[in-house]
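Asker: Make a model of the complete structure from these sequences and hints.
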Amino acid sequence: MKRLLLLTAAFLASPVAAQSVAITNARLVIGDGSAPIDGGTVVVRDGKIVAAGKAVAVPAGIETVDAGGRYVTPGIVAGFTRMGIIEVDGVDETNDAGANNSPFHAGIDIAPAVNPRTSSIALNRAEGITRAVVAPTTRGSIFAGQGAIIDLGADSNTVSTPRAFQFMEYGESGASAAGGSRPAALTAFRDALKSAQAFARAPGAYLDQGRDVLVNRVDAAALGAVVTGRVPLLIHVERASDMRALIALKQDFPALRMVFVGASEGWMVASELAAAKVPVIASALNDLPEAFESLAATQSNVGRMKAAGVVVGLGTINDNEARQARLEKQYAGNLVALRHVPGATGLSWDQAFAAISSVPAEAVGLSGEIGSLRPGRRGDVVIWDGDPLELSSAAIGVYVDGVKQPLGTRQSELLKRYRQPQEGALPKAYER
Amino acid sequence: MQMKMPGGQIALGALAAALALAGCATDGAARPKAEAAAPASKPTPGKAYSRDPYPSTYKPYPGVPTLVTNVTIYDGEGGKIERGQALFADGKIVAVGQTVNAPAGVTTIDGTGKYLTPGIIDIHSHLGDYPSPGVQANSDGNEATGPVTADVWAEHSVWPQDPGFSRALANGGVTTLQILPGSANLFGGRSVVLKNVYARTVQGMKFPGAPYGLKMACGENPKRVYGSKGRQPSTRMGNIAVDRATWARAADYKRRWDKYEKDGGDPPARDIAMDTLRGVLAGEILVQNHCYRADEMAIVLDMAKEFGYHVSTFHHAVEAYKIGDLLKANGTCAAVWADWWGFKMESYDAISENLPLLENAGACAMIHSDDANGIQRLNQEVAKALAAGRRAGMQISDAQAWTWLTINPAKALGIADKTGSLKAGKMADIVLWNNDPFSVYSRPEKVWVDGALLYDANDPKRRPVSDFELGQPGSGDVK
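So the protein lines, in turn, are chains S and W. Read in order, the letters of the first sequence are residues 1 to 432 in this note's numbering. Read in order, the letters of the second sequence are residues 1 to 479 in this note's numbering.
Rather than coming from a laboratory, the hints here were simulated on the basis of the structure. Backbone N, C-alpha and C fix where the C-beta goes; we use that ideal spot for every residue, glycine too. Heads up, a few of these hints could be off.
Partial pick of chain W residues on the chain S-facing surface, computed with a CB cut under 8 Å [claimed, not checked]:
id	residue
1	310
2	322
3	349
4	352
5	361
Answerer: As structure tokens, then:
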């Protein structure tokens, strides 16, 4: 009973009672693309990184963990997910990613729907993912709504940045959502941004425009943050020419902070992306012409964009994004492997790790907050039993906001129960 | 005119084959006729229908006798040789060992720091029947117009120009794959086993001598697809009811055709769907059964006993780890993912230790992809499952884990006498990896199929480009 009370107290207190810890003797990865530092130390105080590097002193009285020379890194930042808003994709009642029959689109805010008890949060936490970009799905409009940044800590305070960005579809999906063509999608996009401007100028008079108003007040209000650049606009786009068409819109809407998601043909317009300062949250290993908008897909896409100066991190759009953010480690490792394939362009290990930590944070404008072990960032730190990008490695210590996390999952309970498949003295239902 | 020439040749070839078949059948019918003139005590056998009306025209491409030296070898049957040698010639593996006797002048490849393995076999692929680009016009994997479509054959949907075949070869080291119909139906239709070698026709890719498979499906998909149309099956019990009714008809069909082929008389009505089920009941066609939940697999195993057939392999089988002992006792394999989970209700209990737990239980286990991306990294999928197993305390060697990629799927497809391991006399289906294939940092460097070098990372000319990709953006790029 006492233990239960303590546990409850810990849960209640955890959002504010962020912890302090020093991890020493680490192969320390800062996450900003710099090389690992052997014999490094990272110090987290009151939930924030205060220092990380080689000659870092451990403050007196702070809990110290000896990493034994193991990799210690910032937690992985999953660049594009639908984690926390879907339990089982195919079970509609558990899927809050999109609403088929809602009159609202851009105005939808997914933050209150994020469920800290979603089993994918625990699973990905155990795999060293500590933050995720969570986006809604489009339904009946090019705009999906306002996404959030979540942390994967085992507490009830999951959303760390609500309404962090707007998400929209362009290309084939956007065309479909807009009624059937890319021009229709672009027209809807421009009209929505103009409506947002009109609403911002005179909210009270907005509806006086009568039948010309195609964007309702809720959506127009949400898009105000987009058109003024207060929040980034994440756009799913794959085809090179579609990216060009979107970049061209910046002439009319210069404050737009576009971030391209997917971008399978990004390498073909890499210099334009770099010049326009459009960050990319790419699907690392797309290499099939799975649609006509991704005919030129190649695993070298990320490496080529990086080489051209594009800010490019990894995400998992339309790739089991509700549950499998953990695969980003494997994807990053594969980009390193490309360096040994003649004619391919990959990433260095340091760049690859940054692509799943600081770069996605930078893409959504939160690099000062998460994604690296630089001072001032949140204390999201992971200790690994090996190279974190290697298939055989696992997270053995996970901290979110400096709080040490439990690593158990539903899956680990099932494993325990079925380590021997046969029943024992009682049915399996009694084994736990 | 030039355009017509190859087509004409194909037509002639097909005609010749048809004539040859007809000839055989005529001979078969002619002989009994002669006997019939003799005393009428002996029955006159009926005329059998062709079991192979779309025969393989695959021919291995030429290779050169090749010796790989100083290489780490996983033989595919659980053996490992450090700094070993492998010799292959005339499309076959000649010898594998620490050292082998090689003839003078053989092409020699120094495999220092590299790994040599059998070509990977994916028992569950939809390349060709759900090809890229995945547009509706190319969507040919599910004949979702009725729950029993044992009459459809996947090979009649396979588009041999699917760009996915090239990725599976170059990035995945896949040399053999089974193309299955989808899982909308209880009886989805016949599968086909292919060599991963581009050809103008699907017949040109068909693995010579591989048995056919029958795709069946349990669970959510059939009941959802047909339940939503207001027809049977709409429940799991409906699934099994339709299965049983169908097997009962198949048993009757088999009895009638067996009798006719033995004793002659009036030929029974031909039913293309029942041909396939009769083949299953006769043990000629292998059942490849999509099934997730442990309890449903157990029911299917009993149903197989009830009607006298054997389930070769449960596919997906995310809960196989709950019944490893039962699978072992029934001699039924499980083909699984490493870590897919939670996308539908029946995949909710998937765990990453499925493969090692099955191995631990002594059951036949293998990896599969069911995915045009996953097929490019099956070695990595095994590496993840192996690591999960080791963390759970299961001692499984790398070499043993390689059985999940080659010999076990070969057994489950009925082709283990031909491929799936580096044993003398087998097809020289081989991958040379630039490093340990269980590391994320490794890639195929060379891939041979029947001894022919069909992918070489160092030679852009040995990189297949399908018709569809020719002249498109990125054509011929390193993918």
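Asker: Each hint should be assessed against the structure and marked as holding or not.
Answerer: Hint-by-hint comparison with the structure:
no.: 1; hint: 310; result: violated (21 Å)
no.: 2; hint: 322; result: holds (5 Å)
no.: 3; hint: 349; result: holds (6 Å)
no.: 4; hint: 352; result: holds (7 Å)
no.: 5; hint: 361; result: holds (6 Å)
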